[in-house]
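**Q** Quick note, the sequences are listed as chains A and B, same order.
Note that the first sequence ends on residue 650 in my numbering; no numbers are left out.
Note that the second sequence ends on residue 650 in my numbering; no numbers are left out.
Simulated from the structure, these hints should not be mistaken for laboratory data.
Fair warning: there could be bad hints in the mix.
Intra- or inter-copy, both count: the list cannot distinguish identical chains.
To be verified - Computed cross-link-like contacts, PhoX-like style, restricted to lysine-lysine with a CA-CA straight-line distance of at most 25 Å:
(1) K253 with K413
(2) K465 with K413
(3) K446 with K221
(4) K226 with K295
(5) K508 with K413
(6) K217 with K446
(7) K594 with K413
(8) K508 with K589
(9) K295 with K589
(10) K413 with K217
(11) K240 with K217
(12) K241 with K467
(13) K241 with K260
(14) K609 with K291
(15) K226 with K260
(16) K265 with K392
(17) K446 with K253
The lines below spell out each chain.
There are 2 protein chains.
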Amino acid sequence: MNRVLIKDVDKYISQKITVSGWVETLRDQKKMQFIVLRDHTGKLQLTNMKADDEKSRLISACSLESCITVTGIAVSAPNVKLGQKELLVEEVSVENFAEPLLPLAIADNTDDVSIDHRMDWRYLDLRKRDRLLIFQVQTTAEMAMREYWINNGYVELHSPKLMGHASESGSELFSLDYFDRKAYLAQSPQFYKQMAMSAGFDKVFEIGSVFRAEPSFTSRHATEFVSIDMEISWIKSHHDVMDEEEAWIRYFLQKIKDRHADEIKEVFGQEVEIPEGRFPRIPLAEVISILDTEMGYKVPQKQKGDLDPEGERLICEYTKKKYNCDFCFVIDYPIAARPFYHMRHEDNNNLTKSFDLLWKGLELTTGAQREHRVEILQKQILEKGMTLPPIQFYIDFFKYGAPPHGGLGFGLSRMLMKLLNLPSIKEVTYLFRGPNRLTP
Amino acid sequence: MNRVLIKDVDKYISQKITVSGWVETLRDQKKMQFIVLRDHTGKLQLTNMKADDEKSRLISACSLESCITVTGIAVSAPNVKLGQKELLVEEVSVENFAEPLLPLAIADNTDDVSIDHRMDWRYLDLRKRDRLLIFQVQTTAEMAMREYWINNGYVELHSPKLMGHASESGSELFSLDYFDRKAYLAQSPQFYKQMAMSAGFDKVFEIGSVFRAEPSFTSRHATEFVSIDMEISWIKSHHDVMDEEEAWIRYFLQKIKDRHADEIKEVFGQEVEIPEGRFPRIPLAEVISILDTEMGYKVPQKQKGDLDPEGERLICEYTKKKYNCDFCFVIDYPIAARPFYHMRHEDNNNLTKSFDLLWKGLELTTGAQREHRVEILQKQILEKGMTLPPIQFYIDFFKYGAPPHGGLGFGLSRMLMKLLNLPSIKEVTYLFRGPNRLTP
Chain A
211 MNRVLIKDVD KYISQKITVS GWVETLRDQK KMQFIVLRDH TGKLQLTNMK
261 ADDEKSRLIS ACSLESCITV TGIAVSAPNV KLGQKELLVE EVSVENFAEP
311 LLPLAIADNT DDVSIDHRMD WRYLDLRKRD RLLIFQVQTT AEMAMREYWI
361 NNGYVELHSP KLMGHASESG SELFSLDYFD RKAYLAQSPQ FYKQMAMSAG
411 FDKVFEIGSV FRAEPSFTSR HATEFVSIDM EISWIKSHHD VMDEEEAWIR
461 YFLQKIKDRH ADEIKEVFGQ EVEIPEGRFP RIPLAEVISI LDTEMGYKVP
511 QKQKGDLDPE GERLICEYTK KKYNCDFCFV IDYPIAARPF YHMRHEDNNN
561 LTKSFDLLWK GLELTTGAQR EHRVEILQKQ ILEKGMTLPP IQFYIDFFKY
611 GAPPHGGLGF GLSRMLMKLL NLPSIKEVTY LFRGPNRLTP
Chain B
211 MNRVLIKDVD KYISQKITVS GWVETLRDQK KMQFIVLRDH TGKLQLTNMK
261 ADDEKSRLIS ACSLESCITV TGIAVSAPNV KLGQKELLVE EVSVENFAEP
311 LLPLAIADNT DDVSIDHRMD WRYLDLRKRD RLLIFQVQTT AEMAMREYWI
361 NNGYVELHSP KLMGHASESG SELFSLDYFD RKAYLAQSPQ FYKQMAMSAG
411 FDKVFEIGSV FRAEPSFTSR HATEFVSIDM EISWIKSHHD VMDEEEAWIR
461 YFLQKIKDRH ADEIKEVFGQ EVEIPEGRFP RIPLAEVISI LDTEMGYKVP
511 QKQKGDLDPE GERLICEYTK KKYNCDFCFV IDYPIAARPF YHMRHEDNNN
561 LTKSFDLLWK GLELTTGAQR EHRVEILQKQ ILEKGMTLPP IQFYIDFFKY
611 GAPPHGGLGF GLSRMLMKLL NLPSIKEVTY LFRGPNRLTP
């Protein structure tokens, strides 16, 4: 008999059906046995009149979290709190007995243990209802992102994660022995997505893993994470990239709202809000001055003209109040704060055509127009104190005709963390990887 | 003025428009200049009445493959072979001059150089029309695959590529220094997608990079490739997984056909065919006997009961003739040919509940029902001569309630290679990685 999902049991009242799931609770009384069975769609009470038979003995033997398949008659039961229905058990089979001592409690939905303990037992931790919802929202978000891209003529890219060169910034690269030489793990698809512009792909996107050998222990860093990248050709400035990002964000937030608004409200207490109007775009120099004069905050000198996390938090507070927008583009970073490949303003060679996108105090995106003219690119590389040979392969991309282009990188887990108001990207990552964590 | 894509120029006849692209050819005559401009949507003739002016000098200076933006009047021109239209040039700006000596010819669309040379200059190689089409087809294929999954309640997974354990089979693993310990690059999301079953995610999919430290130099192997993985819960046998794969393949092939059938026919000479009816499912023992008696081929002994590539090719020839189906499931492999985690048949403990899917002679998929019962799993591990401690973390997934489950891995590039009838996965990989290739 085909399995019925618990959310659909209402359609089968008075019929014989089969359900499968995990034993969340068992009340084994003298005359009656009650199980709350859980699948990924809901919970259902299973009721059995106890007898001196194999079925009753099997139910008695069920430890919590055992996996069982049960056939019985679905009946309406107004006095049953859990959905006013129950299944009168006719047959039981146990697919897998759980060990009786669970290292992590699941039914109560509380998180009274450390996140490290929860990560050790992640497959039990993920059985809680709010965990699955996180990944259902992620699934919807990514699908909507891709819909936007495909509706707008983008090509999907899978760039290599193994690189023969220690490119962008050697200090945070993992290296490995690759047959008779060294290979490096990509920190981003940056160079390869730009190569697609030179190849004439016009617009590309990629959702894939990237790696950072950074010994960071914050709520927003990982050694491996999912990077969302886009790159587009024939732009006039970084504002074209920002226009595209705004439209894209509106599109996928709307889809998340359409599909999950009620559940997100119920489980995480959060409204999914679609930003109206153009996001504010404020030059960094102006941001620093606003922070100083309006918010009484001086960005630390060591930031070299970049913002620190506190500055990011405060400028979002300011733009929320002033423009009623949770999003804020900080634009035109000084060259010291940006990599060599960012294009510079024609009228101010100390400023790059760059931007960060902040959401509710957190940086989600770094983007820019890229320098596509070989001579200027070489000059900028040398000015940064770098040498040409290690990235000659990248410079070559622009030697045989390359269009003006720009793009951005976007942190999937940071977006989810803010969307659901969770304290750390660990909560929204299937299996987190940090300097101290490589398991399970 | 907003850029018009070349495919849309017909809509702007008699209007002033701007186009951008690459200079594919230039005929610089005494009185007239003709450029064929290429963008990702087509080619267009640009015509200029030569004069003693900056515009004409700029056009004369254009090397092939330079990137230019041109404004002019689109006119109907019945005598112009290329689309019976042209653009009468009014303004030209050169975004990027190409170096005059191209290491790879693009316009003629011939491939008279080695694939290695083409891979060295991949960003030029990719400018040929059939290359972009490959990746447009890939984009459509992946989008359709995800549509199927999402319509059927799957959750998207991003499993870690950095692992703390040398799991499945240590011999083909890349290892790296990870702060104070060793990490390994995932060969597949196998263990992590099974973990999602234990977590109650019910059905999951992942499209992501995996890594194999295999010194293979065939047309179908790479050290890094895109693996497509699905895993589903509460199955009754491996036949449920095959049923799901058949439905999924029909869905995405239909979408490819709807969107690209004409272009694929024109460029690659291939029909996109949607398989009708159930794919044949033949036990391996029977396949070996058919090969022997019907095809006069004896599978080499060293295959230990598995098929060799020649056997795969021949059985597909046989099933094509007998069942008129390009797809063929070979099922029920002996335990020696399968990993420890494949479930075994109740009535024949030497056979696994496993399958390979072959398409036009090539293996696309390996799949199976997995063993989810801890005691049997441990027994199978020990029988394989392995020890428990290195994979205890994996065994633990099944200790606290795990449903019966199964799934498959599917090679994206192998599918594209067969779909477009190309000789190697190198042709359908954006940037190929092999034992001798880590660049560009």
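**Q** Decide, hint by hint, whether the structure agrees.
**A** Checked hints:
Proximity of K253 to K413 under the C-alpha cut-off of 25 Å is restricted to the inter-copy arrangement: shortest distance 18 Å between copies versus 45 Å within a copy. In this assembly of identical chains, K465 and K413 lie within 25 Å of each other by CA distance both inside one copy and across copies; the values are 22 Å within and 21 Å between. For a Cα distance limit of 25 Å, the shortest separation of K446 from K221 across copies, 24 Å, qualifies, whereas the shortest one inside one copy, 56 Å, does not. When the C-alpha separation of K226 and K295 is checked against a cutoff of 25 Å, the pair qualifies only within one copy, where the shortest distance is 14 Å, while the shortest distance between copies is 69 Å.
Taking the shortest Cα distances, K508 and K413 never come within 25 Å of each other, neither inside one copy (39 Å) nor across copies (50 Å). In the homo-oligomer, the alpha carbons of K217 and K446 lie at most 25 Å apart only across protomers (21 Å), although the nearest pairing inside one protomer, at 51 Å, exceeds that limit. Proximity of K594 to K413 under the C-alpha cut-off of 25 Å is found in neither arrangement, the shortest distances being 29 Å within a copy and 49 Å between copies. With identical chains, the CA atoms of K508 and K589 are never at most 25 Å apart, being 33 Å at best within one copy and 64 Å at best between copies.
Proximity of K295 and K589 under a CA criterion of 25 Å is satisfied in neither setting, with 73 Å inside one chain copy and 42 Å between copies. In the homo-oligomer, the alpha carbons of K413 and K217 lie at most 25 Å apart only across protomers (16 Å), although the nearest pairing inside one protomer, at 41 Å, exceeds that limit. Taking the shortest alpha-carbon separations for K240 and K217, neither the intra-copy value of 30 Å nor the inter-copy value of 77 Å comes in at or below 25 Å. Proximity of K241 and K467 under a CA criterion of 25 Å is satisfied in neither setting, with 47 Å inside one chain copy and 61 Å between copies.
For the homomeric pair K241 and K260, the shortest alpha-carbon distance inside one copy (5 Å) is at most 25 Å, but the shortest distance between copies (101 Å) is not. For the identical chains of this complex, K609 and K291 are neighbours neither inside a copy (70 Å) nor across copies (31 Å), given an alpha-carbon limit of 25 Å. For the homomeric pair K226 and K260, the shortest alpha-carbon distance inside one copy (19 Å) is at most 25 Å, but the shortest distance between copies (85 Å) is not. Taking the closest pair of Cα atoms, K265 and K392 never come within 25 Å of each other, the shortest separation being 61 Å inside a single copy and 49 Å across copies.
When the C-alpha separation of K446 and K253 is checked against a cutoff of 25 Å, the pair qualifies only between copies, where the shortest distance is 22 Å, while the shortest distance within a copy is 54 Å.
Of the numbered hints listed earlier, those contradicted by the structure are 5, 7, 8, 9, 11, 12, 14, 16.
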